[in-house]
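Participant: Sequences listed follow chains A and B, in order. Each number in our numbering comes from the position in the first sequence (counting from 1) with 4 added on. Each number in our numbering comes from the position in the second sequence (counting from 1) with 4 added on.
Wrong hints could be hidden among the right ones.
List time: in silico DSS-like cross-link candidates among lysine-lysine, alpha-carbon distance up to 30 Å [as the list claims (entries may be wrong)]:
hint, chain 1, residue 1, chain 2, residue 2
1, A, 133, B, 30
2, A, 30, A, 94
3, A, 6, B, 94
4, B, 149, B, 94
5, A, 149, A, 30
6, A, 30, B, 6
7, A, 6, A, 149
8, B, 133, A, 94
9, B, 133, B, 30
10, A, 30, B, 133
11, B, 149, B, 30
12, A, 133, A, 94
13, B, 30, B, 94
14, A, 6, B, 6
15, B, 94, A, 149
Hint data in this document are derived by calculation from the structure and do not stem from the laboratory. A quick note: this is a predicted structure, and the numbers were derived from the prediction, not measured.
Number of protein chains: 2
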Amino acid sequence: MKFFEDFHSGDVFELGQVTVTADEIKSFASQFDPQPFHVDEAAAEASPFGGLVASGLHTASLFMRRYVAVILADASGGGSPGIDRIRFLKPVRPGDLLSARLTVLSTRPLMGRPDFGLVEPECELLDSKSEPVLSMTIHSIFKRKQSAHQEA
Amino acid sequence: MKFFEDFHSGDVFELGQVTVTADEIKSFASQFDPQPFHVDEAAAEASPFGGLVASGLHTASLFMRRYVAVILADASGGGSPGIDRIRFLKPVRPGDLLSARLTVLSTRPLMGRPDFGLVEPECELLDSKSEPVLSMTIHSIFKRKQSAHQEA
Chain A
5 MKFFEDFHSG DVFELGQVTV TADEIKSFAS QFDPQPFHVD EAAAEASPFG
55 GLVASGLHTA SLFMRRYVAV ILADASGGGS PGIDRIRFLK PVRPGDLLSA
105 RLTVLSTRPL MGRPDFGLVE PECELLDSKS EPVLSMTIHS IFKRKQSAHQ
155 EA
Chain B
5 MKFFEDFHSG DVFELGQVTV TADEIKSFAS QFDPQPFHVD EAAAEASPFG
55 GLVASGLHTA SLFMRRYVAV ILADASGGGS PGIDRIRFLK PVRPGDLLSA
105 RLTVLSTRPL MGRPDFGLVE PECELLDSKS EPVLSMTIHS IFKRKQSAHQ
155 EA
């Protein structure tokens, strides 16, 4: 079980791989982001992307899946106040195999909630050339170990 | 058809309403963010949220649905380099009726792409008390009218 104290500036967590099919791209986009290059293969071919690409929020959600699977599912998570600096760096296409990586940028106690601390990570999805296709900072709150011990 | 020149600092666009069911919350979260308070009603009741709440990326995606429906579907959109300052301000629960609103913060030509301009909006989902549950800035690129005329 991961606590605030388990994260240190510079720590790198490899979160495993994720991929996405054309059907998944179209299904997500038809619900949330039905722009032609996300939902229609022919229109996507004619677009500047030259083919179907995933919605940016879909790509961000693919990272989230790995973050939950490897860290948040087994952590004293206290939620997230928000996300900053989401950058869509390269298009994500059907069949792309993406690696999720989290690098801790900084950590600090939360002033208003003494039992919790804030972790600021650089969250990245990397393609097969190890080039980032997406980066973002998901502000992440974790419980402090000391408080857990006090409660026990 | 909307062009870069159709957006001015201070402009407000009402983007209509959106709601979400418990099944939709659980379906999104089971794919992308399977934390207990997003996928399991009993676990959510026992959590600090006191009941099922939508994943933050799901809530952001609900805004995107309205942005596409009212603006991007009929615009000379040139994509988005990213999103900043996503803030999850209040939990979103099943049945909440949310209003989407976009306020233009600033606009500027894009140095490297003279046919395009960048619009920086404050994007908000408001609850029935008109209080924001989510805010973010989706950096948005639109084609300039002049370039469209030159091409015509």
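Participant: Indicate, hint by hint, whether the structure satisfies it.
Facilitator: To see whether the hints hold, each was checked on the structure:
no.	hint	verdict
1	A:133 / B:30	violated, 34 Å
2	A:30 / A:94	holds, 18 Å
3	A:6 / B:94	holds, 25 Å
4	B:149 / B:94	violated, 39 Å
5	A:149 / A:30	violated, 43 Å
6	A:30 / B:6	holds, 25 Å
7	A:6 / A:149	holds, 9 Å
8	B:133 / A:94	violated, 39 Å
9	B:133 / B:30	holds, 25 Å
10	A:30 / B:133	violated, 34 Å
11	B:149 / B:30	violated, 43 Å
12	A:133 / A:94	holds, 12 Å
13	B:30 / B:94	holds, 18 Å
14	A:6 / B:6	violated, 48 Å
15	B:94 / A:149	holds, 27 Å
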